[in-house]
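Residue-level listing of the chains:
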Amino acid sequence: MKSYMKDTKGKSKNNNDTDQKIFNSLKTKSDSNQFIRLYNALSRYVGEFNIDKVVEEIFGKEKPHWAEDLINNVPGLRAGILSESDMSILNSIKEKINNSVIVRIEMSFKPSDQFIDKVINIIKNTYNSSISNVSGENSTNFMLDIHVKEGFEPGAVFYIKGNILDLRLRRIVTSYLLSHNVVERYL
Amino acid sequence: MSLKDTYRQSFIDVVEKNREIGFVEEINHPIVSIKGLPRAVCNEVVYFESGCIGMVTSLSNRNLQVLLFANESVKVGEKVARSGDVFRVPVGEGLLGQVITPLGTSMYQNKVIPGIEEYRATDSIPLPINLRERVQSPLETGVSLVDMLIPLGKGQRELIIGDGNTGKTAFVLQSILRQAQLGTICIYAAIAKKKSSIKKAEQLFERHKIKDNTIIVGSGSSDPIASVYLTPYVAMTVAEYFRDKGRDVLLILDDLSTHAKYYREMSLISRKFPGRDSYPGDVFFIHARLLERAGNFNINGKKSSITCLPVASSIEGDITGYIQTNLMSITDGHIFFDNAIFKEGRRPAINYFLSVTRVGRQTQNSIRWGINRELSSFLTLHNKTERFIHFGAEINEGIKSTLEMGKKVYKFLEQGSEDVYSANIQVILFTLLWIGVLDDEKIQDYRTKAQVLYDKDNTFKNKIDELINSSGDFNNLLGKVSASYKDLINYIEEGSA
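Chains as they are written, first to last, in this note's numbering: chain A, 1 to 187; chain B, 1001 to 1497.
Calculated from the structure, these hints are not laboratory results. For every residue, glycine included, the Cβ atom is placed at its ideal position computed from N, Cα and C. Be careful, since some hints might not be right.
Examples of chain B residues toward chain A, derived with CB under 7 Å [stated by the list, open to error]:
hint	residue
1	Arg-1019
2	Ile-1021
3	Glu-1025
4	Gly-1036
5	Val-1041
6	Pro-1090
7	Gly-1092
In silico DSS-like pairs for lysine-lysine, Cα to Cα no more than 27 Å straight-line [said to hold, decoys possible]:
hint	chain 1	residue 1	chain 2	residue 2
8	B	Lys-1302	B	Lys-1195
9	B	Lys-1004	A	Lys-149
10	B	Lys-1079	A	Lys-27
11	A	Lys-94	A	Lys-63
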């Protein structure tokens, strides 16, 4: 009995790690939407399926970047039949998506993957450290909702939980010049 | 710059000022769910990126609900910014003579209202009891039946109730006519009325040259629900402005049963739990907190009052409806307009026996009190007698005279929808009727002539006033008028000739 409990605990911990790992690869809101589309399609399947065909049916030839991670980490997907533990991983990812905080970013260009990773890490570290300092809450997951706007000034504007962080270059430079009284000191 | 552009600019300004943003998550027009705006408070005004405005109505952990002040809807995902201030309306002397919307703008397109002095929150706390006083001065409505039998006092809240098209609005407009003539500030809140009805009310005030003492706060039936919902609150806020200036205010809320229906619609859309007749649980509260703001006040020695006459519609004469009984319990009495009386052709169609005034009688002097007593007991007797003769009983002299007098009294109480009479003219004419020198053919004619004379002939006015003021009570007045009625009648006939 004891050993069984130990086993289940270990299994559940493994599942947690897996779903967090897959969730981390879903960095943006559009990635999450794609995942939800796949999840809905899989839940409609009865019997065996071919995951590559399913993915192709939904997304066409261009496979989402996170799909490989998902297929490799959820054994049932490759086998073509989902077990209970596979479903629990998928459900847990879906839950994480629902509970994540959406960070809206408005900027003039499509950001690179490195940029997105960096942004997520900065936000996650800053936010989670401030929250755990105050209330001891568990870490929060974030998701980027990137809006590329043509003609937007260089820089970006972040909207996090209703607060605005305006990091447009012109604004930063202006506020720097004003705060250091540059006009009177140098001109 | 159009209003929409102004709100768009305000959106940019408040984003800059408050550094907070929300996004439209769900729309059940006119209720919009917003995610974000972490520091928003209830009743706070919010600006939408598209140039609409709204007001926060409820807050929860997940989102906040906003009531939209526009007929056109917003879009999901649209940005919303909070203004940092609760909903306020412009008030000032400049509002006198204007027809305004609940947002404080003129109902006429492109008309700017000058003379705005301040902006006031529409949801203020009623004044505490240490600033209130007993209702003690009478409020003339100019309608004989009400002034003599169901008298009102300044600061009283009296419900006007009755079926549709029984003359409720005509009565409240008559009260405005009389009170505006006496210098009271009169505010008419037309709640979800036809625009043509609002225009008619305005024209009536213009025709009687009382526009400078009146304000119409109006919302049309096609206006956004938010405008309809806010109309009585805005009207009360304007009334409070004049109260704080030491003025007496008469406020008409026409009508609160429609207001309750709009509030029900709003509440059901915002998923508030429905209660009796599908009204939300707080429908009593929204009317009670509104009407509690009226009353008779003494603010640091400055006396003022807000007399409030809310109107409520009944269906088939049933005054036991949910909203009707709520309002009855909040107010200090009610005047019931009876459809049966209306169909008999009597105007105003007030059923005296089903009407109540709880604080009005305490404001009457001994003469008016005497008239009230005599008239009430006579009408009760007349009513009993009329029921008695239905059985085909033999009519003796006593019954015959009661019926004849009843006919005269009812003729005396009849009044056109734009006729208003001053209290002293009503007293003198009633006294003449009571001593039996006026027959029912001449009553209306004499009263109109006497009123015209009273308004333009100071000698006549002084004579009447002196006659009434020098009489201690109604019996004394009866004696004096009996002695001099010929002079009075001659004066009226000659003066009007």
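Verification of the supplied hints:
no., hint, in the structure
1, Arg-1019, "5 Å, holds"
2, Ile-1021, "5 Å, holds"
3, Glu-1025, "11 Å, violated"
4, Gly-1036, "3 Å, holds"
5, Val-1041, "13 Å, violated"
6, Pro-1090, "30 Å, violated"
7, Gly-1092, "36 Å, violated"
8, B:Lys-1302 with B:Lys-1195, "37 Å, violated"
9, B:Lys-1004 with A:Lys-149, "24 Å, holds"
10, B:Lys-1079 with A:Lys-27, "23 Å, holds"
11, A:Lys-94 with A:Lys-63, "19 Å, holds"
When the structure is compared with the earlier hints, violations turn up for hints 3, 5, 6, 7, 8 and for no others.
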